[in-house]
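Sequences and hints are given; from them, build the entire structure.
Sequence order for the protein chains is A and B.
Mapping of the first sequence onto my numbering: residues 1 to 145, in sequence order.
Mapping of the second sequence onto my numbering: residues 1 to 168, in sequence order.
If you're looking for bench data, these hints aren't it; they were derived computationally from the structure.
Label-pair distances were calculated between CB atoms; the ranges are:
no.	chain 1	residue 1	chain 2	residue 2	range
1	A	Lys131	B	Gln16	55 to 61 Å
2	B	Phe130	A	His101	32 to 38 Å
3	A	Pro121	B	Phe130	40 to 46 Å
Yeah, the Cβ is synthetic: ideal placement off N, Cα and C, and Gly gets one too.
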Amino acid sequence: MNINALVIDDSGIMRKLVMKTLGETHLATFTFQEAKDGQEALAIFKAGKFDMLFCDWNMPNMNGMDLIKIIRNELKSRVPVVMITTEGTMDKLDEALNTGHVDGYIVKPFTPEGVGRKIAPILQKMTDAKKNSSGVFAKLAAKLQ
Amino acid sequence: MTTDTIAPDKTGAQLQAADNSLVEAVVSTIASVCKTQATPKAQRAEVRVDGEKIIASVSLVGDVEMTVFLGMPSATAVALAEKFAGFKVPFESPDMADAIGELGNMIAGDLKIRLDRSGLKANISLPTVFRGQDLTVTTPKWEIIRDHFFGTPSGDFMAGLCSRKLKP
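See below:
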């Protein structure tokens, strides 16, 4: 499975660490683009096509949650979003998870095993959705014939 | 690296609890992030902090108004950053500021959770990182509660806590 992911974090070393760790999960073949805050991420997201977003919470200019709200509410995108958080911002996550703005989260510090456990169900959902949509198209195509 | 003690600890138990929580937060964060044991040291004289240093500060604002400092000499910073990132991080690189800032952020996050359990709510700021020679932390309007020195197999470092007010 090929995943084009956008990694958003104001810390360059955290972006590197997220990309390295995702590669070490061996759950998919990831290609990455990076953004250092919400504003930059929004411009990159609008210009590209992404399968998944990995987004820090606390960032300058535009924080992670404000970015995700724009992506969900204004751009109407359902792209899977995984928040990168610390224990200190976990309390804000509940609402984001309950409203469906966010599909999952990883807590810093993280390991390939821990990240793998968090993103495997999301990747599985993406695979299932792809299968279902191809099934729908196959039925439609058959009907049209 | 030195800190000035501006005023004695006037608010008692809560400050002491926050101070104890800081030590726990540092030990826990360094263990989980850097996979190494940080041991609190009783005497500042035991700690070698000569030469170039780097300091990260993160504020907690809400029921408390505190700033957490994490400071270390270049050798400790290089060693801990490599353990944290899994690759070499030169002291002069932007990645070093990110690594020590992120460590400070995680320590402050851990402290926030511990304070939260005591009924003290706070939000944490983005980290600010300073790098230089013979850095001295002075905060004239603030009361520095205490600074703590830690030893690790990778070198020594300090963590401190300043507080302006606490919920009565």
